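One line per chain: the protein sequences are A and B, in this order.
So in my numbering, spot 105 of the first sequence is number 107, and the numbers just go up one at a time.
So in my numbering, spot 158 of the second sequence is number 167, and the numbers just go up one at a time.
Worth flagging that the hints you see were computed from the coordinates, not collected in a lab.
Keep in mind the model is a prediction, meaning the values are calculated, not measured.
Each hint should be verified, as a subset may be incorrect.
Derived CB-CB ranges, DEER-like [said to hold, decoys possible]:
id, chain 1, residue 1, chain 2, residue 2, range
1, A, PHE19, B, GLY459, 55 to 65 angstroms
2, B, VAL240, A, LEU103, 41 to 51 angstroms
3, A, TYR125, B, GLU160, 15 to 25 angstroms
4, A, ARG88, B, ARG325, 37 to 47 angstroms
5, A, PHE19, B, VAL133, 29 to 39 angstroms
C-beta atoms are modelled at their ideal positions from N, C-alpha and C, and glycine is treated no differently.
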Amino acid sequence: MDGAAHSDSAQMPTAHFTAKLAIWWLIGSEIMIFGGLIGSFILFRLARPQWAEMAHHLSVPIGSFNTLILLTSSYTMVRAFVSSGRRDRTATCWNLLVTALLGLTFLCVKGYEYAGKFSHGYYPNAGLFWAFYFTMTGLHALHVLIGIIAILILFVFGLRDRLWPIASRVEFTGLYWHFVDVVWIFLFPLLYLTS
Amino acid sequence: MTNDPHGPQKFIWKYILSTDHKMIAKQYLLTGLVMALVGAFTAYLMRWQLGYPNTNAPGWGLVTPDKFNMLVTMHGTIMVFFVGMPLLVAALSNFVIPLQIGARDMAFPRLNMLSYWIFVLSCVALLASFFVPGGAPAGGWTGYPPLSASEQYTGVHWGMVLWITALALEFASFTMGGINYLATFMCLRVPGMTYFRVPMATWFLIGASLAFFFSVGPLIAGAVMLLLDNVAGTGFYIPAQGGEPLLWQHLFWFFGHPEVYVIFLPAVGCVLEILPVFSRKPIFGYRAIVWSMGAALALSYIVWAHHMFISGMNPRLATPFSITTILISVPFAVIIFCMLASLRQGSIRLDTPMLWGLGFLATFLIGGLTGIFLGSASADIYLHDTYFVVAHFHYTFFPSVFFGGFAGIYFWYPKLFGRRYNETLGKIHFWMTFIFFNATFWPIFRVGAGGMLRRIADPTQYRILDQFKEMNSMISVAAFILILGQVPFVWNFFWSMFRGPAADANPWRAGTLEWLAPSPPPHGNWGPGLPTVYVGPYEYSRPDMADDFVPQYRPVGVLGGPAGQA
Chain A
3 MDGAAHSDSA
13 QMPTAHFTAK
23 LAIWWLIGSE
33 IMIFGGLIGS
43 FILFRLARPQ
53 WAEMAHHLSV
63 PIGSFNTLIL
73 LTSSYTMVRA
83 FVSSGRRDRT
93 ATCWNLLVTA
103 LLGLTFLCVK
113 GYEYAGKFSH
123 GYYPNAGLFW
133 AFYFTMTGLH
143 ALHVLIGIIA
153 ILILFVFGLR
163 DRLWPIASRV
173 EFTGLYWHFV
183 DVVWIFLFPL
193 LYLTS
Chain B
10 MTNDPHGPQK
20 FIWKYILSTD
30 HKMIAKQYLL
40 TGLVMALVGA
50 FTAYLMRWQL
60 GYPNTNAPGW
70 GLVTPDKFNM
80 LVTMHGTIMV
90 FFVGMPLLVA
100 ALSNFVIPLQ
110 IGARDMAFPR
120 LNMLSYWIFV
130 LSCVALLASF
140 FVPGGAPAGG
150 WTGYPPLSAS
160 EQYTGVHWGM
170 VLWITALALE
180 FASFTMGGIN
190 YLATFMCLRV
200 PGMTYFRVPM
210 ATWFLIGASL
220 AFFFSVGPLI
230 AGAVMLLLDN
240 VAGTGFYIPA
250 QGGEPLLWQH
260 LFWFFGHPEV
270 YVIFLPAVGC
280 VLEILPVFSR
290 KPIFGYRAIV
300 WSMGAALALS
310 YIVWAHHMFI
320 SGMNPRLATP
330 FSITTILISV
340 PFAVIIFCML
350 ASLRQGSIRL
360 DTPMLWGLGF
370 LATFLIGGLT
380 GIFLGSASAD
390 IYLHDTYFVV
400 AHFHYTFFPS
410 VFFGGFAGIY
420 FWYPKLFGRR
430 YNETLGKIHF
440 WMTFIFFNAT
450 FWPIFRVGAG
460 GMLRRIADPT
470 QYRILDQFKE
480 MNSMISVAAF
490 ILILGQVPFV
500 WNFFWSMFRG
510 PAADANPWRA
520 GTLEWLAPSP
530 PPHGNWGPGL
540 PTVYVGPYEY
550 SRPDMADDFV
560 PQYRPVGVLG
570 GPAGQA
């Protein structure tokens with residue numbers, strides 16, 4: 003249906019280009035959302051050197067591990083994109099599955115971290131640093147979750163051999179997944195490494 | 010597809026779950042008008058209380074102070090977010106952009122439908138807040154914390170949560186819409202429709218979407234924090250927990266000022282579309298107008314703190330923000346002067362859309378000029394939070410939403426419904442609105458300069474306001490007549506939809522592409538082949554042509570060469 007409008011003229015951009023553009027606009031709006039949150043945090047953080055004390059409670063090894071997991075998942079996502087370009091269905095599905103599992107691992111580790119914080123009484127209402135910590139990582143985790151769902155849907159399509167009519171969706175989902183990754187690259191040093 | 014554009018359509022696919030951009034535009038239009046009725050009712054109740062304090066308002070009862078706070082909050086929220094946005098941004102963008110650039114529909118028709126239904130959900134969430142325990146939100150339409158962050162100040166908890174939810178849904182809806190409008194604009198222009206042949210209305214609607222798109226993100230982040238303050242016990246905005254109420258003000262106005270242009274730009278676009286048609290002249294300074302809009306957009310992101318001169322922010326910020334505020338009046342002055350120059354020596358026809366367009370110019374000018382008082386920090390310190398501000402922003406919002414919006418509705422009415430509205434009723438509607446709008450809001454400048462504060466429920470409590478007792482009653486009467494003045498419109502709108510004389514494809518003899526399609530345009534707009542564009546949008550009264558206008562879709566041969574430069 004999306005393609006119908008352009009079939010009238012060869013001079014107009016393809017449906018693939020239009021959809022990709024839309025994903026970039028979406029990422030633009032997401033940058034503004036996270037930008038607002040991260041910017042607010044930075045301004046608060048600069049005015050409150052005592053927050054270094056609280057950042058100390060965050061585990062740098064666990065955070066680093068999670069960073070590694072997420073970066074690896076971006077790599078497998080790129081592998082999925084390359085494989086889908088080669089129309090290699092098996093490799094695409096495998097890479098999508100590994101990406102989703104890595105994403106789930108990230109969420110599990112995040113959940114483990116949350117549980118540890120709760121057990122020490124650090125709830126979102128335990129002070130502004132923790133409010134920011136849970137809001138920023140929580141909003142990010144929500145985006146990871148949405149990404150995982152999207153990737154799993156593509157995986158199921160791939161298994162049922164419906165991947166090729168929608169192969170470009172692997173690319174779009176990949177763009178989004180890398181964006182979610184980049185957000186974490188900002189969150190990790192700001193929250194964990196400023197102690 | 011179930012909604013096959015060529016076969017007969019079931020009611021639900023044609024009118025409810027439609028993916029046709031024109032039907033979605035009508036859905037937004039109708040929803041916005043219904044919300045405007047709710048907004049008008051809140052205005053009536055507030056004006057009753059201010060004009061005749063502590064008497065029973067007919068049809069409601071006594072407006073108590075806590076109810077007054079809710080009415081103030083809901084009036085602002087509804088009129089800005091649930092009337093201005095759907096009417097000017099969503100309805101117009103949906104209807105006008107695809108038709109003017111020659112597209113068959115939006116780039117993503119199903120996303121378009123989804124964004125409308127999310128908007129409906131958002132309206133329901135907002136209106137539901139009237140009926141939950143504690144009542145509607147009462148912290149002002151700007152939702153300033155700590156009033157909005159903690160139940161203890163207003164006694165409202167669920168209303169506030171619903172308010173934030175409604176805004177979140179609305180922002181999601183308009184972000185989807187914005188992506189759709191921008192992708193449509195960038196990818197679906199027909200051959201020949203270069204960026205500098207795009208009609209003004211489309212340019213300004215795209216400008217509005219851009220303004221919204223890049224300003225709303227931080228407020229979404231801010232709204233998440235406000236929601237958590239309300240439901241999870243965080244203290245982002247609560248000083249007692251180390252939070253800063255000012256953070257919300259910054260995030261809100263970083264969005265809030267561009268939001269003014271989100272509503273203002275489409276109105277300017279409509280009027281710019283109407284002026285050349287009804288004065289039979291090319292628009293003056295097409296490129297200057299487009300570039301001015303771009304400059305204004307860029308500046309709109311760095312003026313926000315002029316809403317916060319007395320907020321307690323660092324006073325050293327006041328001067329830079331005063332300067333950017335004065336600067337932003339320059340591109341808008343360019344646009345207004347281009348509008349006036351477009352009228353000069355034209356063959357002006359005072360049909361209803363033109364009346365609304367000129368009415369917009371006259372009234373908005375007052376809003377713009379009084380903005381200069383408020384934009385300079387020194388004057389603002391005295392005038393802030395008085396009715397002077399109320400009059401100022403009603404002189405900007407009302408002309409945008411209603412004068413600009415009605416200009417657009419009357420102008421495109423034949424295209425929307427395939428029928429002509431009644432011209433006499435349209436003119437009665439205009440003069441009622443024009444006269445009583447000014448009769449309502451002009452005195453409010455006086456009342457505000459005399460020291461009457463915004464949002465007070467009972468002016469009789471203040472001795473200094475005793476002098477304004479009669480004036481307040483007079484304002485209220487004018488406001489009631491202003492609301493009654495909309496009855497001719499409602500009648501005209503619905504009666505003409507079914508009984509008006511049939512309209513031909515191009516009743517105004519205008520040159521832009523939407524007037525090529527039949528009235529109303531069928532699903533897919535153009536029949537078998539897309540139109541091709543050969544000239545700019547406003548080729549009126551060209552000396553080398555016998556006819557007084559050249560539509561964009563007509564090849565004009567060798568002489569037409571430079572015409573595309575508009």
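Hint-by-hint comparison with the structure:
As the Cβ distance of PHE19/A to GLY459/B is approximately 59 angstroms, the hint placing it in 55 to 65 angstroms holds. Between VAL240/B and LEU103/A the C-beta distance comes to about 32 angstroms, which lies outside the given range of 41 to 51 angstroms. Between TYR125/A and GLU160/B the C-beta distance comes to about 19 angstroms, which sits within the given range of 15 to 25 angstroms. Separation of ARG88/A from ARG325/B is about 59 angstroms and departs from the stated range, judged on CB atoms against 37 to 47 angstroms.
Remark: the range hint 29 to 39 angstroms for PHE19/A to VAL133/B is upheld by a beta-carbon distance near 36 angstroms.
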